[in-house]
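Asks: As a plain string of letters, each chain reads:
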Amino acid sequence: MKWGTFIGVMVIIAAIFAYEWPRMKQLPKKDKAAFIALLSIGWILTLFDLQNMAGPATVLETIFKPFSKLLDTR
Amino acid sequence: MIEKGKISGMQMGFMMYPTVVSTAILMVPSVTEKYAHNDLWISTLLASLVGFISMYIAYQLHRLYPNQTVIQYSVHIIPRLAGKVLGLLFLFFYLHSTGAVVREYADFISDAFLPQTPMIFIASSLLLLSAFSVRYGVESVARSAFIFTIIFAFPVIFLLLLIPDLTPGNILPVMEHGILPSLRGAIVPQSWFSEFFMISFFLPFLSDIRKGRKWGLISVFAAMISLTTINLTILLLFGDRVSGMSYPVLNAFRYIRMGVFFENFEAIIMAIWILGNFVKVSVFYYSASLGLAQWLNLKDIKPVVLPLGILIIIFAYWSLPSFQDVTYYLTGTFAYYGPLMQTIIPACLLSIAFVRRKRPSSS
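Respectively, the protein sequence lines represent chains R and L. Sequential numbering of the first sequence, starting at 1, is according to the working numbering. Sequential numbering of the second sequence, starting at 1001, is according to the working numbering.
Worth flagging that the hints you see were computed from the coordinates, not collected in a lab. Do not rely on the hints blindly, as some may be mistaken.
Said to hold, decoys possible - DSS-like cross-link-like pairs, simulated, lysine-lysine; straight-line CA separation at most 30 Å: (1) R:K29 <-> L:K1004; (2) L:K1034 <-> L:K1358; (3) R:K30 <-> L:K1034; (4) R:K25 <-> L:K1211; (5) R:K25 <-> L:K1004; (6) R:K29 <-> L:K1299; (7) R:K69 <-> L:K1034; (8) L:K1299 <-> R:K30; (9) L:K1214 <-> L:K1034; (10) L:K1211 <-> L:K1299; (11) R:K30 <-> L:K1006; (12) R:K32 <-> L:K1211.
What you are looking at is a predicted structure, and each value in this text was computed from that prediction instead of being measured.
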């Protein structure tokens, strides 16, 4: 993982938090929890080298392989 | 209710048109040419059938469950837990598709126009703009779409400048090998047409539902005519050289030249095309955000919009290292994944809903 990406992501997350948090004062706890959970999921995922990792696209490619052979697109 | 805005049927139609056409014009001509050869214009006609079916299913489901989106009525149609799981699958699908759209856009811009700019910057700037549009709700998405779609549909007129360069003979022989090559060519574009199911996220906010059906039909029809015209123009202009090009429509606009001074049309076209892509990304982004807010029973859509942007960027890059992988994902996987989620599963939901609706009245 590169430090540049890490710092960049931290800055973006801090900016989103600073922008959104004061605006959601009256909202119920559930909305705040969803906001923080989503930000944390995003932050944790960006710690990995996702571009070269197996992910949802790989899973879907495996599932739909029998169909894509019909067209043989590769 | 999370969303308080109201839109008109015409605005919905204007939203859906660039949602299908804007990215389809990049890839569809070369992909259909690969399988259908000089019948590529029949392929888009056949593919549009999926668009009409998906739209009809979304409309009928909305009539059975008014004022609800697919995330809400899926828990009423099938058992609650299964409905929630299906809702999660839909959310995942729309999140992942938004990522794929953003990636496609960034790939095209950096490949054709801005090779020095980091791709992540191109992707996130468009996404940030859409995020602000989505935060202000369905009305801001619909109104910006209304203005931008009018400008977006304009370049079709520029295609008329190509008429002197066309070779009508390229169209012959029509259906030399029967209908099968055209059907194979239709497999990829029909995944774009299946995106018309997304009207499910906008029908609940229509002020007049009957206008929604009319404008939905007009929108599918306009998309069919546009894609067929573009495919036909590409065929008549380039003949069998299309398959070697990654973006034939861009090549066609580069071909336009009036006199000796009026050229490089593609710069204008790109600026206009970005507007269409902005509409597409905001429609997808809005569907994903609204779906998530409804799935979690939140009170407002705003808290989830910006955090979802980070997830969309993640999905745009996750296990897709190069342009080839993106193309393979779109033609080999999304071509089946899209219609499965947006045509086949909704069709199952609709038939279950019909059966359940019939039973209490007969007993």
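Asks: With reference to the structure, classify each hint as holding or not holding.
Replies: Hints versus structure:
1. R:K29 <-> L:K1004: The hint holds at about 21 Å.
2. L:K1034 <-> L:K1358: Distance ~46 Å between K1034 (chain L) and K1358 (chain L) Cα, so the pair is violated.
3. R:K30 <-> L:K1034: 50 Å, violated
4. R:K25 <-> L:K1211: 39 Å, violated
5. R:K25 <-> L:K1004: 20 Å, holds
6. R:K29 <-> L:K1299: 10 Å, holds
7. R:K69 <-> L:K1034: Holds, because 15 Å separates the two Cα atoms, which is no more than 30 Å.
8. L:K1299 <-> R:K30: Holds. K1299 (chain L) to K30 (chain R) sits at ~9 Å (cutoff 30 Å).
9. L:K1214 <-> L:K1034: Roughly 34 Å between the alpha carbons, so the hint for K1214 (chain L) and K1034 (chain L) is violated.
10. L:K1211 <-> L:K1299: The given pair, whose Cα atoms are some 29 Å apart, holds under the 30 Å limit.
11. R:K30 <-> L:K1006: 26 Å, holds
12. R:K32 <-> L:K1211: 38 Å, violated
In terms of the numbered hints stated before, the structure departs from hints 2, 3, 4, 9 and 12, listed from lowest to highest.
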